[in-house]
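Visitor: Numbered by our numbering, the letters in the sequence shown go through residues 5 to 558 in order.
Where hints are given, some of them may not hold.
[Claimed, not checked] Pairs of lysine to aspartate or glutamate, EDC-like flavour, derived with a Cα cap of 20 angstroms: (1) Lys205 - Asp275; (2) Lys208 - Glu327; (3) Lys209 - Asp45.
[To be verified] The calculated label-pair distances, taken between Cβ atoms and stated as ranges, are: (4) Ala108 - Asp553: 30 to 40 angstroms; (5) Asp538 - Ser454: 33 to 43 angstroms; (6) Ser196 - Gln526: 51 to 61 angstroms; (7) Ala108 - Pro81: 10 to 20 angstroms; (8) Asp490 - Lys208: 34 to 44 angstroms; (9) Tyr510 - Lys206: 55 to 65 angstroms; (10) Gly113 - Gln486: 48 to 58 angstroms; (11) Asn38 - Pro360: 27 to 37 angstroms; (12) Asp121 - Glu354: 49 to 59 angstroms; (13) Ser116 - Ser454: 29 to 39 angstroms; (14) Val556 - Asn293: 16 to 26 angstroms.
Keep in mind that the hints were calculated from the coordinates and are not lab data.
Even for Gly, the Cβ is constructed at its ideal location relative to N, Cα and C.
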Amino acid sequence: MKMNGARILVEELIHQGVRVIFGYPGGAVLDIYNELYLASDRIGHVLTAHEQGAAHAADGYARASGKTGVVLATSGPGATNLVTGIANAYLDSVPMVAITGNVAVNSLGKDSFQEVDIVGITQPVVKHNFMVRDIKDLQKTIIEAFEIANSGRKGPVLIDIPKNVQSAEYEYIEDLKVPSVVKKPRKSECGSIDEVVEMIKKAKKPFIYAGGGVVAAGAQKEVLELSKRVDAAIGLSMMGITSVPASYPLNLGMCGMHGKYPSIKAQSECDLLLAVGVRFSDRATGDLNEYTKKCMTVHIDIDRAEIGKNVSPDVSLWGDVKEILAKILEELPEERHPEWVSELEGYKNEMILPAPKPYGPEAIIEEVHRHCTEDTVVATDVGQHQMWTMQFYPFEKPHTLLTSGGLGTMGYGLGAAIGGCIAARGRRTVLFTGDGSFGMNLNEMATAVSQELPITIVIFDNDVLGMVRQWQTIFYDCHYSQTILDRKTDFPALAKAFGADGYAVYTMEDLQKALDAADKSQGPVLIDCHIDMDEKVLPMIPPGRSIKDMIVEG
5 MKMNGARILV
15 EELIHQGVRV
25 IFGYPGGAVL
35 DIYNELYLAS
45 DRIGHVLTAH
55 EQGAAHAADG
65 YARASGKTGV
75 VLATSGPGAT
85 NLVTGIANAY
95 LDSVPMVAIT
105 GNVAVNSLGK
115 DSFQEVDIVG
125 ITQPVVKHNF
135 MVRDIKDLQK
145 TIIEAFEIAN
155 SGRKGPVLID
165 IPKNVQSAEY
175 EYIEDLKVPS
185 VVKKPRKSEC
195 GSIDEVVEMI
205 KKAKKPFIYA
215 GGGVVAAGAQ
225 KEVLELSKRV
235 DAAIGLSMMG
245 ITSVPASYPL
255 NLGMCGMHGK
265 YPSIKAQSEC
275 DLLLAVGVRF
285 SDRATGDLNE
295 YTKKCMTVHI
305 DIDRAEIGKN
315 VSPDVSLWGD
325 VKEILAKILE
335 ELPEERHPEW
345 VSELEGYKNE
355 MILPAPKPYG
365 PEAIIEEVHR
375 HCTEDTVVAT
385 DVGQHQMWTM
395 QFYPFEKPHT
405 LLTSGGLGTM
415 GYGLGAAIGG
425 CIAARGRRTV
435 LFTGDGSFGM
445 NLNEMATAVS
455 QELPITIVIF
465 DNDVLGMVRQ
475 WQTIFYDCHY
485 SQTILDRKTD
495 FPALAKAFGA
505 DGYAVYTMED
515 LQKALDAADK
525 SQGPVLIDCH
535 IDMDEKVLPM
545 IPPGRSIKDM
555 IVEG
């Protein structure tokens with residue numbers, strides 16, 4: 005059946021299983037928006053306040069649903085406004101297809117109105133990108149884009165479609181078959197499963213370091229079974245926080261700079277480190293000379309480029325982590341290590357941090373959690389509140405955490421919460437944010453209100469850029485250069501101006517009342533929690549250092 009390029013795009017998106025797009029219209033995508041209007045009973049569209057918010061919403065939708073997030077923007081500034089969101093998805097391995105319009109092919113390279121080389125701009129932060137110069141390539145390109153975004157290490161793909169391609173006509177083929185463009189691991193390129201099994205059998209202090217690759221591969225069950233079979237401790241990267249239930253006794257929590265002491269200590273004392281679906285971020289490893297000093301290391305990952313990039317393993321296995329772990333479990337006998345389990349229990353009592361305040365970050369997060377279920381989707385922005393969430397919120401299920409890891413994007417949270425709430429089919433969603441981060445993209449309150457999304461927005465309002473100020477306190481002799489936010493924004497009043505409910509909180513009693521009100525609300529509710537600007541995220545390992553240099557008091 006013949007149809008124009010814009011309709012081919014919409015029909016193929018529907019065929020790929022896309023049910024909602026996040027975007028913002030403009031001149032170079034009007035043909036596409038016209039076709040979305042005509043197909044509105046089959047595919048939805050969420051109009052955001054800004055293209056960056058749309059990209060973060062598509063990211064949050066993908067993380068919460070396990071599906072591909074799709075974002076649409078016009079040419080020029082519309083396209084460039086997507087770049088931070090695309091880069092965020094790239095560094096956190098989130099499947100996304102970004103679609104941009106562009107000027108007609110015969111106008112390219114002539115500095116036409118709202119023309120930018122978005123393919124060139126995004127080259128370093130996508131798995132692949134396409135400019136479709138000929139209508140005959142459009143449907144094939146869309147199919148390839150979805151395959152690339154979801155294969156191997158997942159990530160964003162951009163499709164740039166000039167205006168004349170959108171309006172040109174060509175044959176649309178339902179169920180079009182396109183040869184795969186993805187290279188899969190060959191057995192000869194992988195290490196030996198038998199060798200890894202023997203290493204696990206010989207280990208007395210096994211430690212599993214689980215990352216976002218576990219969640220992406222759906223390998224939570226296999227990681228848990230491996231731990232149970234050999235009494236392996238589990239430490240988590242930030243992207244892997246939801247890979248193992250917080251209630252599992254051998255889950256010691258997040259590793260790294262602001263991780264939990266038992267997890268960091270266990271990793272430093274283990275004799276076998278099984279790294280599964282991680283990239284060994286500098287924030288997680290610290291001093292590389294100390295990191296694997298006492299242990300053998302096995303690295304299992306879908307991305308061959310990550311193996312040996314930061315940490316050189318003794319053995320590596322390249323491929324789907326779920327399949328590899330299943331093969332290991334087929335050959336691995338049960339092996340108990342009661343002495344190791346006892347040692348791990350001791351770590352939990354070895355370091356005593358300052359007692360939490362009756363009203364402070366830990367108490368606030370615990371109270372919010374009491375109003376949540378295991379299925380509640382939780383988003384964060386970036387800063388102290390993000391680390392407090394990782395430390396104190398007990399995640400039990402995968403796909404319930406939306407946070408910016410690799411890029412560390414302030415302003416990510418509200419857009420992500422919007423996408424996550426839509427993926428959760430309107431179940432109440434929580435956003436933990438800071439007064440600095442929230443100010444970055446607070447315009448998306450308009451989106452949350454217009455979509456009537458039940459999002460509880462909890463602001464840790466300390467009148468400073470908390471994490472930067474913490475570093476200035478510890479490393480820069482308290483030289484607080486440009487980190488005090490003396491704007492005194494009335495966030496509850498701002499929420500009300502957008503049409504949402506807002507509450508100022510100074511005590512636990514205030515918080516409980518605000519959360520009770522949020523539970524009864526059908527839309528977004530903002531809860532502005534005023535806290536002490538001197539609150540710190542502890543423990544903390546200074547960058548490039550080891551557990552020996554851990555800071556436990558502010």
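Visitor: Against this structure, judge whether each hint is valid.
Guide: Against the structure, the hints:
1. A C-alpha spacing of about 12 angstroms is found between lysine 205 and aspartate 275, which places the hinted pair at or below 20 angstroms, so the restraint holds.
2. For a cut-off of 20 angstroms, the pair hint linking lysine 208 to glutamate 327 is broken: about 25 angstroms separates their Cα positions.
3. For the given pair, lysine 209 sits about 56 angstroms from aspartate 45 by alpha-carbon distance, which is inconsistent with the 20 angstroms threshold.
4. Between alanine 108 and aspartate 553 the beta carbons are some 59 angstroms apart, a value that contradicts the proposed interval 30 to 40 angstroms.
5. Between aspartate 538 and serine 454 the C-beta distance comes to about 38 angstroms, which sits within the given range of 33 to 43 angstroms.
6. A C-beta distance of roughly 56 angstroms is found between serine 196 and glutamine 526, which places it inside the suggested range of 51 to 61 angstroms.
7. Taken as a hint, the range 10 to 20 angstroms holds for the pair alanine 108 and proline 81, whose Cβ atoms sit roughly 18 angstroms apart.
8. Range check, aspartate 490 to lysine 208: about 55 angstroms between beta-carbon atoms, so the 34 to 44 angstroms window is missed.
9. Between tyrosine 510 and lysine 206 the beta carbons are some 56 angstroms apart, a value that agrees with the proposed interval 55 to 65 angstroms.
10. Distance hint check for glycine 113 and glutamine 486: the Cβ-Cβ separation is about 41 angstroms, which falls outside the suggested range of 48 to 58 angstroms.
11. Checking the proposed 27 to 37 angstroms range against asparagine 38 and proline 360 shows it is violated: the Cβ atoms sit about 56 angstroms from each other.
12. One distance hint, 49 to 59 angstroms for the beta-carbon pair aspartate 121 and glutamate 354, holds here, with the actual separation near 55 angstroms.
13. Our hint of 29 to 39 angstroms for serine 116 and serine 454 holds, since their Cβ atoms are close to 33 angstroms apart.
14. The given range of 16 to 26 angstroms is respected by valine 556 and asparagine 293, whose C-beta atoms sit roughly 23 angstroms from each other.
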